[in-house]
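**Q** Using the working numbering, read the sequence shown as starting at 1 and increasing by one per residue.
By construction, these hints were calculated from the structure, which means they are not laboratory data. As the structure is a computational prediction, the values presented were derived from the model and not from experiment. A hint or two may mislead.
Stated by the list, open to error - Just the calculated beta-carbon pair ranges, DEER-fashion:
1. Gln49 - Leu29: 26 to 34 angstroms
2. Arg31 - Gly52: 29 to 37 angstroms
3. Arg83 - Asn62: 43 to 51 angstroms
4. Ile50 - Ser25: 50 to 58 angstroms
5. Arg73 - Gln99: 36 to 44 angstroms
6. Ile50 - Arg83: 48 to 56 angstroms
7. Val68 - Leu32: 49 to 57 angstroms
The C-beta atom is built at its ideal place from N, Cα and C for all residues, glycine as well.
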Amino acid sequence: AGSGSVGFSEADSGSESSDAPPGCSDHELMRLQARCDKLAHASLVKEEQIVGAEGVIKSLENTLAADVDVTARLKDIQEQVSREEHNIYLEETEGRMLQWMLKRVAAESIVLQNRIMTLSSHSNS
1 AGSGSVGFSE ADSGSESSDA PPGCSDHELM RLQARCDKLA HASLVKEEQI VGAEGVIKSL
61 ENTLAADVDV TARLKDIQEQ VSREEHNIYL EETEGRMLQW MLKRVAAESI VLQNRIMTLS
121 SHSNS
């Protein structure tokens with residue numbers, strides 16, 4: 001029984017590498033190592049792409065924040081313009097009212113001048 005187990009371990013240690021798991025030849029091990037290296041390289045490339053994409057995202061976030069600031073500033077300016085337009089409207093309305101009052105005063109002045117002329121012509125005669 002003891003010699004049978006020794007025979008098994010001799011057959012197991014044939015041409016296979018001591019590093020390779022049972023049933024894996026040196027050629028298969030090298031192929032797997034090359035594939036792992038290739039995957040590690042692809043992983044590094046993807047990681048660089050992710051870092052690049054994160055940079056682009058950060059840049060876009062900064063641009064968006066600047067756009068939000070500009071939009072808020074534009075809104076403030078629009079509100080200021082609206083207030084100024086309203087003030088101009090009030091001033092124009094006041095101007096029209098003053099023109100109407102001046103016309104009225106001018107008309108009353110003409111009426112008074114006519115009365116004065118009428119009175120003075122009556123007093124002269």
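**Q** So, for every hint listed, does it hold in this structure?
**A** Each hint, compared with the structure:
1. In this structure, Gln49 and Leu29 meet the distance hint of 26 to 34 angstroms, their C-beta atoms being roughly 30 angstroms apart.
2. A hinted range of 29 to 37 angstroms for the beta carbons of Arg31 and Gly52 is consistent with their spacing of about 32 angstroms.
3. In this structure the hint that Arg83 and Asn62 lie 43 to 51 angstroms apart at CB is violated, the actual value being about 32 angstroms.
4. Roughly 37 angstroms separates the CB atoms of Ile50 and Ser25, a value that falls outside the hinted 50 to 58 angstroms.
5. Here the CB-CB span from Arg73 to Gln99 is close to 38 angstroms, well matched to the stated 36 to 44 angstroms.
6. With their beta carbons about 49 angstroms apart, Ile50 and Arg83 fall inside the hinted range of 48 to 56 angstroms.
7. For the pair Val68 and Leu32, the supplied restraint of 49 to 57 angstroms holds, since their beta-carbon distance comes to about 52 angstroms.
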